[in-house]
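Undergrad: Chains as they are written, first to last, in this note's numbering: chain A, -5 to 433; chain B, 1302 to 1599.
Be aware that a few hints might be false.
Which residues of chain A face chain B? A few of them, derived with a C-beta cut under 10 Å, are [claimed, not checked]:
| no. | residue |
| --- | --- |
| 1 | A47 |
| 2 | P50 |
| 3 | G122 |
| 4 | A126 |
| 5 | P129 |
| 6 | K222 |
| 7 | F224 |
| 8 | G229 |
| 9 | G249 |
| 10 | E253 |
| 11 | Q258 |
| 12 | A260 |
| 13 | R262 |
| 14 | G263 |
| 15 | T306 |
Using C-beta positions, here's what the derived DEER-type ranges look like [said to hold, decoys possible]:
| no. | chain 1 | residue 1 | chain 2 | residue 2 | range |
| --- | --- | --- | --- | --- | --- |
| 16 | A | K266 | B | R1473 | 46 to 54 Å |
| 17 | A | A423 | B | L1435 | 47 to 55 Å |
| 18 | B | Y1576 | A | K179 | 36 to 44 Å |
| 19 | A | N404 | B | Y1576 | 38 to 46 Å |
| 20 | A | K352 | B | L1394 | 55 to 63 Å |
| 21 | A | K396 | B | R1473 | 53 to 61 Å |
| 22 | B | A1409 | A | A346 | 49 to 57 Å |
| 23 | A | R318 | B | W1366 | 38 to 46 Å |
In silico DMTMM-like cross-links for lysine to aspartate or glutamate, where the CA-CA straight-line distance does not exceed 25 Å [what the hints assert, rightly or not]:
| no. | chain 1 | residue 1 | chain 2 | residue 2 |
| --- | --- | --- | --- | --- |
| 24 | A | K84 | A | E60 |
| 25 | A | K352 | A | E363 |
| 26 | A | K399 | B | D1425 |
| 27 | B | K1419 | A | E60 |
| 28 | A | K183 | B | D1303 |
| 29 | A | K317 | B | D1425 |
| 30 | A | K216 | B | D1303 |
| 31 | A | K183 | A | E288 |
| 32 | A | K267 | A | E392 |
| 33 | A | K84 | A | E368 |
| 34 | A | K266 | B | D1303 |
| 35 | B | K1419 | A | D91 |
| 36 | A | K352 | A | E60 |
| 37 | A | K284 | B | D1425 |
| 38 | A | K216 | A | E288 |
| 39 | A | K222 | B | D1425 |
| 40 | A | K320 | B | D1425 |
Quick caveat, the hints were computed from the structure, so don't treat them as lab data.
Using N, Cα and C, we set each Cβ at its ideal position, and we do this for glycine too.
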Amino acid sequence: MKNQLPNTPKARKGIWVLVLIGLAALVLAPVSPAQAAAGSFRLGLVTFLSGPAAGPFGVPAKNAAEIIVEGLNNGTLPAPYATKGIAGMKIDPVYADEAGGTTRQVSEFRDLVQRQKVNAVIGYISSGDILAIAPVAEELKTITVAFDTGTTRLFEEHSYKYVFRTRPTATMDGVGAARYLVAIKPDLKSVAGINQNYSWGQDSWRDFIAALKVLKPNVEVKAALFPKIFAGQYGSEISVLLLKHPQAIHCSFWGGDMESLLLQGAARGLFKKSLGIFTCGETAMYRLAKQIPEGTVLGARGPFGVYAPKSTLNTWFRTTYIKRFKTPPTYPAYVMAQAILGLKTAADKAAAANKGKKPTTKQIIAAFEHLKFEGPGGMVDMARGHGHQAVMGTAYGEFTMKNGKPGVKNVKRFAEDLVNPPVGMTAMAWIKGGMKVKK
Amino acid sequence: MDTLLVVLIDGIVYASWLFVVAAGLTLIYGVMKILNMAHGSLYAIGAYTAASLVGWYFAAGYVPWASYLVFIGGATVVGVAAGVLVERGVLRLMYGSDEVVMILVTYAILLILEDLTKLVWGVDSYYSYQPYSLLGQTNIAHIPFANYDLAMVGVAGLIGLLLWYGLNRTRRGKILRAVIHDREMSSAMGINVTRTYIITFMIGSALGAIAGGLTAPTLSVAPGLGIEVIILAFAVVVIGGLGSVGGAAFGSLLVGIGRAAAVQAFPQIELLVIYVIMAMVLAIRPQGLFVAAAARKI
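Model the full structure from these sequences, guided by the hints.
TA: Have a look at this one:
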């Protein structure tokens, strides 16, 4: 039997439809990098644009990326970022959604690098995603900057050439919370924890309680609860905490889980009886101001958001963000801004060393390692992980309502060496060794 | 003693919430033999509707106590409308398909409704805590409980009672039970099975949306809300027996009290407890606790 196409009017119509679809696809397809302007820097930006992490983290991060990219392209940022673009090139952002799990993220990353031909990727809120992406970034030889994920495993268990992280690890959050708690409650005798039952929650509690045991060896742990992530209903957990009545409750919940716990806890007076320490609490302080009891300890996972020190850059960032999005920027916005500015600083430095010509990936990496640069949250020092991991100091404070506006009081700042392990030491070894600070 | 009492109250409160979520799911399966994955989306739509209505209502400064009528009523109306749209728009075209195919169809509807929810309400979370705190607290066993949570027990009881009465004491309910028992014979006896399907799906969808509406004041209404809930609801329905409203009530109590006890005594295995209960029930009675084993039709 001959294998030939049927020559009926219906078949001919079908072929024409296919040809038209093909032509339309060619016309509408994204401009390939070869076609893009020679002077552009294609930047992949990956953050949660859907799912439960989009509202509290992904969207503020994308918002920050939008205003920073726009500001850099127009040259409207204050010094030291007044020069246009990245290494003189206009930034061409390519946004991707981080939702969907690690397998999808690896595919998305390959797509960004191999099809979209990005020059670098900034992204990743989930620890699982960055741990899966890092080896692929090495394989594809693409500079990848982790902007928000906090897992210590990224550089404690591996050494990467192309991967950088421009925010400190989660160790800083736990150690900072323990130091703050002891500072405001010197007679602390008991604590409890409620953290999500996955690596983030488990690691956060592990770091916090290990640090607290160093500072207050006799502290009693009244309960360590690990409800399922996105559980939403915490009635039983709140009862346990009310019955055990610890002096303080450590919580690393984020997003909807944190907000639900705050709502349900408020209805039963939980955080009036026991002091709540929310390491990610800053993201909820504007939205749930009426539900957070006075004095609740809030963290911003670094000197970000309400804890960001005054500077020209911070003022520009806050003003521009509030003007555009009608709400103050929370810490995910700060860390995204920090990542873009870190990459720009490295690329600009590499371009300057290259006599103004477009720097190569190797030159940008060399400039990025051990870099010190300014972010809206203060100075960032790429001092750990062989120059690939940032350290900063941190801050904690107590929630307060002043003249009907949410804010923080009794803010305490901890220098970077007080809350981060020194070079060549793992976080747990440093904490268990007494969190000694090198003179 | 205090701890035991607290476990019991927490367990019953959690079970009430689970029952309200699972009742619609099991009713739809019982009558239509459709394991409705989209139930989670109807729950989410109910929650978003309630949260929006509460936000609007309190911003307008109306009498706070009437807010309950507004958000529960609103969630019910939206649930009924969504149910009719799904049933008339998609499901009726698929009747007669294999049960597995129907699971895939309803899963597709769940994904579509999830995206639709995002289109309408965006990805930011919504709060509607005013009705939650309005009812105040009651001290039991020396700790405060939110009266709203305690009221959920009454609401679940009322829904259970209405379902029981409707199914067992009304003409329409008897028709429904006849369809549950044997849809072909019912059809042969002159019962309008299609109309029964529409009414059942409408009631089931409304129950899902009401569950979401009632839950909205207690939490942050955010994307993904419905998917989390549907897994738990399935566990409850499987324990009680697919299609049995009484089974759903008993399954909810078993899961609720089991989970509350685990959180108090062994918090590490809190989640495991739910699925251990399910596995044990399935090992002993694969058809669930409240459904008699039936001969398979050939």
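Undergrad: Now, for every hint given, state plainly whether the structure supports it.
TA: Evaluated hints:
no. : hint                            : in the structure
1   : A47                             : 9 Å, holds
2   : P50                             : 7 Å, holds
3   : G122                            : 16 Å, violated
4   : A126                            : 21 Å, violated
5   : P129                            : 28 Å, violated
6   : K222                            : 5 Å, holds
7   : F224                            : 5 Å, holds
8   : G229                            : 5 Å, holds
9   : G249                            : 7 Å, holds
10  : E253                            : 4 Å, holds
11  : Q258                            : 6 Å, holds
12  : A260                            : 7 Å, holds
13  : R262                            : 5 Å, holds
14  : G263                            : 5 Å, holds
15  : T306                            : 30 Å, violated
16  : A:K266 with B:R1473: 46 to 54 Å : 50 Å, holds
17  : A:A423 with B:L1435: 47 to 55 Å : 51 Å, holds
18  : B:Y1576 with A:K179: 36 to 44 Å : 39 Å, holds
19  : A:N404 with B:Y1576: 38 to 46 Å : 44 Å, holds
20  : A:K352 with B:L1394: 55 to 63 Å : 57 Å, holds
21  : A:K396 with B:R1473: 53 to 61 Å : 59 Å, holds
22  : B:A1409 with A:A346: 49 to 57 Å : 55 Å, holds
23  : A:R318 with B:W1366: 38 to 46 Å : 39 Å, holds
24  : A:K84 with A:E60                : 14 Å, holds
25  : A:K352 with A:E363              : 18 Å, holds
26  : A:K399 with B:D1425             : 21 Å, holds
27  : B:K1419 with A:E60              : 21 Å, holds
28  : A:K183 with B:D1303             : 24 Å, holds
29  : A:K317 with B:D1425             : 19 Å, holds
30  : A:K216 with B:D1303             : 17 Å, holds
31  : A:K183 with A:E288              : 21 Å, holds
32  : A:K267 with A:E392              : 15 Å, holds
33  : A:K84 with A:E368               : 21 Å, holds
34  : A:K266 with B:D1303             : 21 Å, holds
35  : B:K1419 with A:D91              : 14 Å, holds
36  : A:K352 with A:E60               : 23 Å, holds
37  : A:K284 with B:D1425             : 18 Å, holds
38  : A:K216 with A:E288              : 23 Å, holds
39  : A:K222 with B:D1425             : 21 Å, holds
40  : A:K320 with B:D1425             : 14 Å, holds
The earlier numbered hints that this structure contradicts are 3, 4, 5, 15.
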